[in-house]
Amino acid sequence: MSIMNVIRKYIRIWKQLSSLAIGSYWSNRIDSAAYLAGKVFRFGFFLLMIISLFSFTDELAGYSKYEVVLFFLTFNLIDVLSQALFRGIYAFRGDIQRGNFDFVLSKPVNPLFYSLSRLTDILDILFLAPIILLIIYVMGKLPSLPGPTQVLLYVALVLAGMVIILGIHILSASITIWKIESENFIWLYREAMTIGRFPPEVYSPTIRALFTFIVPVIIAVAFPVKAVLHTLDWRWILFAMVYAAGFLGFSLLVWKASLKAYSSASS
Amino acid sequence: MPDIDVRHLSRNYEYYRKRPGLWGSLQGLLHREKLVAEAVTDISFSIEKGELVGFLGPNGAGKTTTLKVLSGILYPTSGDVRVLGHVPFKRQREYQKQFALVMGQKNQLWWDLPARESFLLNKEIYEVSDQDFGRSLDEFSELLGIGEVLDIPVRKLSLGQRMKCELVTALIHRPKVLFLDEPTIGLDVVAQKSIRDFIRQYNEEKKTTVILTSHYMEDISRLCRRVIIIDLGKIIYDGPLDDLIRQYARHKLLTIFFSNGSVRQEDLGRYGEVVSCEADRSVLRIPRDRVKAAASAILSSPLPVDDILINEMEIDDVIRIIFHKG
Numbered sequence: 001m002s003i004m005n006v007i008r009k010y011i012r013i014w015k016q017l018s019s020l021a022i023g024s025y026w027s028n029r030i031d032s033a034a035y036l037a038g039k040v041f042r043f044g045f046f047l048l049m050i051i052s053l054f055s056f057t058d059e060l061a062g063y064s065k066y067e068v069v070l071f072f073l074t075f076n077l078i079d080v081l082s083q084a085l086f087r088g089i090y091a092f093r094g095d096i097q098r099g100n101f102d103f104v105l106s107k108p109v110n111p112l113f114y115s116l117s118r119l120t121d122i123l124d125i126l127f128l129a130p131i132i133l134l135i136i137y138v139m140g141k142l143p144s145l146p147g148p149t150q151v152l153l154y155v156a157l158v159l160a161g162m163v164i165i166l167g168i169h170i171l172s173a174s175i176t177i178w179k180i181e182s183e184n185f186i187w188l189y190r191e192a193m194t195i196g197r198f199p200p201e202v203y204s205p206t207i208r209a210l211f212t213f214i215v216p217v218i219i220a221v222a223f224p225v226k227a228v229l230h231t232l233d234w235r236w237i238l239f240a241m242v243y244a245a246g247f248l249g250f251s252l253l254v255w256k257a258s259l260k261a262y263s264s265a266s267s
Numbered sequence: 001m002p003d004i005d006v007r008h009l010s011r012n013y014e015y016y017r018k019r020p021g022l023w024g025s026l027q028g029l030l031h032r033e034k035l036v037a038e039a040v041t042d043i044s045f046s047i048e049k050g051e052l053v054g055f056l057g058p059n060g061a062g063k064t065t066t067l068k069v070l071s072g073i074l075y076p077t078s079g080d081v082r083v084l085g086h087v088p089f090k091r092q093r094e095y096q097k098q099f100a101l102v103m104g105q106k107n108q109l110w111w112d113l114p115a116r117e118s119f120l121l122n123k124e125i126y127e128v129s130d131q132d133f134g135r136s137l138d139e140f141s142e143l144l145g146i147g148e149v150l151d152i153p154v155r156k157l158s159l160g161q162r163m164k165c166e167l168v169t170a171l172i173h174r175p176k177v178l179f180l181d182e183p184t185i186g187l188d189v190v191a192q193k194s195i196r197d198f199i200r201q202y203n204e205e206k207k208t209t210v211i212l213t214s215h216y217m218e219d220i221s222r223l224c225r226r227v228i229i230i231d232l233g234k235i236i237y238d239g240p241l242d243d244l245i246r247q248y249a250r251h252k253l254l255t256i257f258f259s260n261g262s263v264r265q266e267d268l269g270r271y272g273e274v275v276s277c278e279a280d281r282s283v284l285r286i287p288r289d290r291v292k293a294a295a296s297a298i299l300s301s302p303l304p305v306d307d308i309l310i311n312e313m314e315i316d317d318v319i320r321i322i323f324h325k326g
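Line by line, the protein sequences are chains A and B. Residues in the first sequence are numbered consecutively from 1, following the numbering used here. Residues in the second sequence are numbered consecutively from 1, following the numbering used here.
Hints may contain errors.
Said to hold, decoys possible - Heads up, simulated DSS-like pairs for lysine-lysine below, C-alpha to C-alpha not over 27 angstroms straight-line:
{"#": "1", "chain 1": "A", "residue 1": "LYS179", "chain 2": "B", "residue 2": "LYS193"}
{"#": "2", "chain 1": "B", "residue 1": "LYS97", "chain 2": "A", "residue 2": "LYS15"}
{"#": "3", "chain 1": "B", "residue 1": "LYS34", "chain 2": "B", "residue 2": "LYS18"}
{"#": "4", "chain 1": "B", "residue 1": "LYS106", "chain 2": "A", "residue 2": "LYS256"}
{"#": "5", "chain 1": "A", "residue 1": "LYS15", "chain 2": "B", "residue 2": "LYS106"}
{"#": "6", "chain 1": "A", "residue 1": "LYS260", "chain 2": "B", "residue 2": "LYS106"}
{"#": "7", "chain 1": "A", "residue 1": "LYS260", "chain 2": "B", "residue 2": "LYS193"}
{"#": "8", "chain 1": "B", "residue 1": "LYS206", "chain 2": "B", "residue 2": "LYS49"}
{"#": "9", "chain 1": "B", "residue 1": "LYS106", "chain 2": "B", "residue 2": "LYS176"}
{"#": "10", "chain 1": "B", "residue 1": "LYS156", "chain 2": "B", "residue 2": "LYS90"}
{"#": "11", "chain 1": "A", "residue 1": "LYS9", "chain 2": "A", "residue 2": "LYS256"}
{"#": "12", "chain 1": "B", "residue 1": "LYS234", "chain 2": "A", "residue 2": "LYS260"}
{"#": "13", "chain 1": "B", "residue 1": "LYS49", "chain 2": "B", "residue 2": "LYS18"}
{"#": "14", "chain 1": "B", "residue 1": "LYS193", "chain 2": "B", "residue 2": "LYS156"}
{"#": "15", "chain 1": "B", "residue 1": "LYS90", "chain 2": "A", "residue 2": "LYS9"}
{"#": "16", "chain 1": "B", "residue 1": "LYS106", "chain 2": "B", "residue 2": "LYS234"}
{"#": "17", "chain 1": "B", "residue 1": "LYS18", "chain 2": "A", "residue 2": "LYS260"}
{"#": "18", "chain 1": "B", "residue 1": "LYS193", "chain 2": "B", "residue 2": "LYS90"}
{"#": "19", "chain 1": "B", "residue 1": "LYS97", "chain 2": "A", "residue 2": "LYS256"}
{"#": "20", "chain 1": "B", "residue 1": "LYS49", "chain 2": "B", "residue 2": "LYS207"}
{"#": "21", "chain 1": "B", "residue 1": "LYS234", "chain 2": "A", "residue 2": "LYS9"}
{"#": "22", "chain 1": "A", "residue 1": "LYS256", "chain 2": "B", "residue 2": "LYS34"}
{"#": "23", "chain 1": "B", "residue 1": "LYS156", "chain 2": "B", "residue 2": "LYS106"}
{"#": "24", "chain 1": "B", "residue 1": "LYS156", "chain 2": "A", "residue 2": "LYS15"}
{"#": "25", "chain 1": "A", "residue 1": "LYS260", "chain 2": "B", "residue 2": "LYS90"}
{"#": "26", "chain 1": "B", "residue 1": "LYS97", "chain 2": "A", "residue 2": "LYS260"}
{"#": "27", "chain 1": "A", "residue 1": "LYS260", "chain 2": "B", "residue 2": "LYS207"}
{"#": "28", "chain 1": "B", "residue 1": "LYS97", "chain 2": "B", "residue 2": "LYS207"}
{"#": "29", "chain 1": "A", "residue 1": "LYS39", "chain 2": "A", "residue 2": "LYS141"}
{"#": "30", "chain 1": "B", "residue 1": "LYS49", "chain 2": "B", "residue 2": "LYS176"}
{"#": "31", "chain 1": "B", "residue 1": "LYS90", "chain 2": "B", "residue 2": "LYS106"}
{"#": "32", "chain 1": "B", "residue 1": "LYS97", "chain 2": "A", "residue 2": "LYS9"}
{"#": "33", "chain 1": "B", "residue 1": "LYS97", "chain 2": "B", "residue 2": "LYS49"}
{"#": "34", "chain 1": "B", "residue 1": "LYS106", "chain 2": "A", "residue 2": "LYS179"}
{"#": "35", "chain 1": "B", "residue 1": "LYS234", "chain 2": "A", "residue 2": "LYS256"}
{"#": "36", "chain 1": "A", "residue 1": "LYS179", "chain 2": "B", "residue 2": "LYS18"}
{"#": "37", "chain 1": "A", "residue 1": "LYS179", "chain 2": "B", "residue 2": "LYS90"}
{"#": "38", "chain 1": "A", "residue 1": "LYS39", "chain 2": "A", "residue 2": "LYS15"}
Think of the hints as simulated: they come from the structure by calculation, not from any bench. Note that this is a predicted model, so its numbers are computed, not measured.
Use the sequences and the hints to build the structure in full.
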């Protein structure tokens with residue numbers, strides 16, 4: 001089967017999975033409305049908090065108001081994208097416990113793709129547009145207007161960040177297969193991601209090192225902004241790309257090993 | 001070449017013993033006792049194209065584990081398994097498009113949505129053309145009588161309707177091999193018959209190779225000419241169902257109908273083991289090689305016999321004997 005046919009097949013599967021997920025949301029209207037309201041509230045509240053912060057100070061760890069807002073918006077962009085695309089991870093443990101993952105393994109579809117993308121979150125996809133518009137607006141307000149190179153680097157590092165986040169989701173899924181009770185890993189990741197709401201310089205060097213090299217949240221969320229702000233050396237950009245590729249490769253190896261260890265749920 | 005060829009298959013599960021209570025949980029953090037369960041031990045069998053084979057065994061015997069290895073869900077610990085020439089655990093797309101798995105105790109339909117939506121998902125996954133999809137859906141809906149429920153959310157359907165939809169989901173891509181793990185579990189007798197009839201018809205028309213596990217002997221006796229019996233991970237019988245009964249059922253049942261209620265249990269004891277004795281009917285268990293003589297003696301006796309029937313033992317009882325021996 002040619003690469004293009006494979007891509008077309010998976011786009012069709014993704015569209016159908018998304019359609020099913022959306023249909024499920026709309027059959028639970030009250031739940032979905034409450035969920036959307038929660039997202040809007042959290043986003044608005046934090047943005048307001050940053051703006052309020054800057055009524056007391058002109059800078060935070062050396063960054064101006066709009067620069068700090070850009071960190072926050074980039075964190076949201078990556079968070080929303082990962083929620084939209086990889087939301088299936090939150091249902092994965094249930095699938096393993098109930099034995100529904102057996103059906104996924106028996107079908108001619110990549111089980112990782114199916115498991116991660118089977119709950120595409122339309123509410124998050126709706127959120128993307130205002131976040132992207134805000135990012136564009138805030139970039140226009142920066143002290144130094146980003147040129148095409150900075151914008152390209154920003155996009156490239158956001159993509160690298162998504163690769164890292166994908167790797168984290170894959171590791172979470174692998175751990176869930178091995179140790180069914182370990183759902184907490186993904187929530188650990190969600191907590192760790194909140195580090196990215198602020199510029200990394202607000203944290204101590206130890207914390208920065210931990211969340212750069214061990215739990216690479218800073219690479220995923222802060223590096224794109226630092227590239228736009230000309231505060232990221234080209235060596236760090238290269239490091240980010242290599243790290244993202246390596247991290248994904250490692251997570252896929254762990255996933256493969258976990259499938260071999262999969263023992264299914266008893267009837 | 002047989003469709004299914006299993007040689008010396010073994011599959012073990014590792015698990016940890018969990019001691020009860022808080023202290024047990026704390027101990028478990030530091031030291032856990034690893035145990036190994038041999039779910040399937042050195043089993044071998046082969047199934048030819050178009051066969052419909054019953055796979056019997058008590059709970060925990062290894063039936064579902066075997067089906068999962070054949071489906072590629074589980075890796076074998078040792079042994080060689082081939083289905084349609086493929087090694088299942090390699091999970092090659094070419095193999096996965098040729099078989100289907102239905103598990104009666106699990107469902108793959110989306111709960112909040114009509115079954116049709118799940119069919120469409122499988123259509124994309126198995127790359128079924130629009131034409132073939134429409135044809136299959138029409139055919140199966142008619143055979144199973146579920147045309148009217150395809151657009152109702154699955155959570156609103158009865159268990160029987162859901163199971164029929166599960167079958168359709170599994171068959172939409174016209175697999176050559178079908179693994180059915182307790183497809184009639186929990187269904188009423190009407191729904192059970194409906195699904196049995198469908199499986200039989202599908203197997204006869206399409207020559208699909210089927211392995212069926214069930215706790216309902218009615219399913220096995222109505223559908224399967226051949227059974228494989230597994231207990232404690234080992235195959236203890238593999239052959240025709242009729243031979244199973246002859247081999248393990250050393251007795252037959254003699255049902256005697258009386259014209260009046262004067263017969264006592266003591267009057268019947270000389271002819272065989274009295275299973276039940278009611279006013280107008282009694283049942284005796286008699287060794288197979290003496291049943292004709294016993295029937296003849298009863299008919300010649302002064303007992304007020306109205307009618308006499310000779311039956312094989314119920315398959316359930318035969319299986320019980322086998323498991324008890326095994």
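Results of checking the hints against the structure:
{"no.": "1", "hint": "LYS179(A) x LYS193(B)", "in the structure": "41 angstroms, violated"}
{"no.": "2", "hint": "LYS97(B) x LYS15(A)", "in the structure": "20 angstroms, holds"}
{"no.": "3", "hint": "LYS34(B) x LYS18(B)", "in the structure": "10 angstroms, holds"}
{"no.": "4", "hint": "LYS106(B) x LYS256(A)", "in the structure": "25 angstroms, holds"}
{"no.": "5", "hint": "LYS15(A) x LYS106(B)", "in the structure": "25 angstroms, holds"}
{"no.": "6", "hint": "LYS260(A) x LYS106(B)", "in the structure": "22 angstroms, holds"}
{"no.": "7", "hint": "LYS260(A) x LYS193(B)", "in the structure": "38 angstroms, violated"}
{"no.": "8", "hint": "LYS206(B) x LYS49(B)", "in the structure": "10 angstroms, holds"}
{"no.": "9", "hint": "LYS106(B) x LYS176(B)", "in the structure": "22 angstroms, holds"}
{"no.": "10", "hint": "LYS156(B) x LYS90(B)", "in the structure": "38 angstroms, violated"}
{"no.": "11", "hint": "LYS9(A) x LYS256(A)", "in the structure": "22 angstroms, holds"}
{"no.": "12", "hint": "LYS234(B) x LYS260(A)", "in the structure": "24 angstroms, holds"}
{"no.": "13", "hint": "LYS49(B) x LYS18(B)", "in the structure": "45 angstroms, violated"}
{"no.": "14", "hint": "LYS193(B) x LYS156(B)", "in the structure": "22 angstroms, holds"}
{"no.": "15", "hint": "LYS90(B) x LYS9(A)", "in the structure": "21 angstroms, holds"}
{"no.": "16", "hint": "LYS106(B) x LYS234(B)", "in the structure": "25 angstroms, holds"}
{"no.": "17", "hint": "LYS18(B) x LYS260(A)", "in the structure": "24 angstroms, holds"}
{"no.": "18", "hint": "LYS193(B) x LYS90(B)", "in the structure": "36 angstroms, violated"}
{"no.": "19", "hint": "LYS97(B) x LYS256(A)", "in the structure": "21 angstroms, holds"}
{"no.": "20", "hint": "LYS49(B) x LYS207(B)", "in the structure": "7 angstroms, holds"}
{"no.": "21", "hint": "LYS234(B) x LYS9(A)", "in the structure": "42 angstroms, violated"}
{"no.": "22", "hint": "LYS256(A) x LYS34(B)", "in the structure": "23 angstroms, holds"}
{"no.": "23", "hint": "LYS156(B) x LYS106(B)", "in the structure": "17 angstroms, holds"}
{"no.": "24", "hint": "LYS156(B) x LYS15(A)", "in the structure": "25 angstroms, holds"}
{"no.": "25", "hint": "LYS260(A) x LYS90(B)", "in the structure": "10 angstroms, holds"}
{"no.": "26", "hint": "LYS97(B) x LYS260(A)", "in the structure": "21 angstroms, holds"}
{"no.": "27", "hint": "LYS260(A) x LYS207(B)", "in the structure": "33 angstroms, violated"}
{"no.": "28", "hint": "LYS97(B) x LYS207(B)", "in the structure": "17 angstroms, holds"}
{"no.": "29", "hint": "LYS39(A) x LYS141(A)", "in the structure": "25 angstroms, holds"}
{"no.": "30", "hint": "LYS49(B) x LYS176(B)", "in the structure": "9 angstroms, holds"}
{"no.": "31", "hint": "LYS90(B) x LYS106(B)", "in the structure": "24 angstroms, holds"}
{"no.": "32", "hint": "LYS97(B) x LYS9(A)", "in the structure": "14 angstroms, holds"}
{"no.": "33", "hint": "LYS97(B) x LYS49(B)", "in the structure": "17 angstroms, holds"}
{"no.": "34", "hint": "LYS106(B) x LYS179(A)", "in the structure": "21 angstroms, holds"}
{"no.": "35", "hint": "LYS234(B) x LYS256(A)", "in the structure": "30 angstroms, violated"}
{"no.": "36", "hint": "LYS179(A) x LYS18(B)", "in the structure": "14 angstroms, holds"}
{"no.": "37", "hint": "LYS179(A) x LYS90(B)", "in the structure": "23 angstroms, holds"}
{"no.": "38", "hint": "LYS39(A) x LYS15(A)", "in the structure": "24 angstroms, holds"}
Hint check: violations occur at hints 1, 7, 10, 13, 18, 21, 27 and 35; the rest are consistent with the structure.
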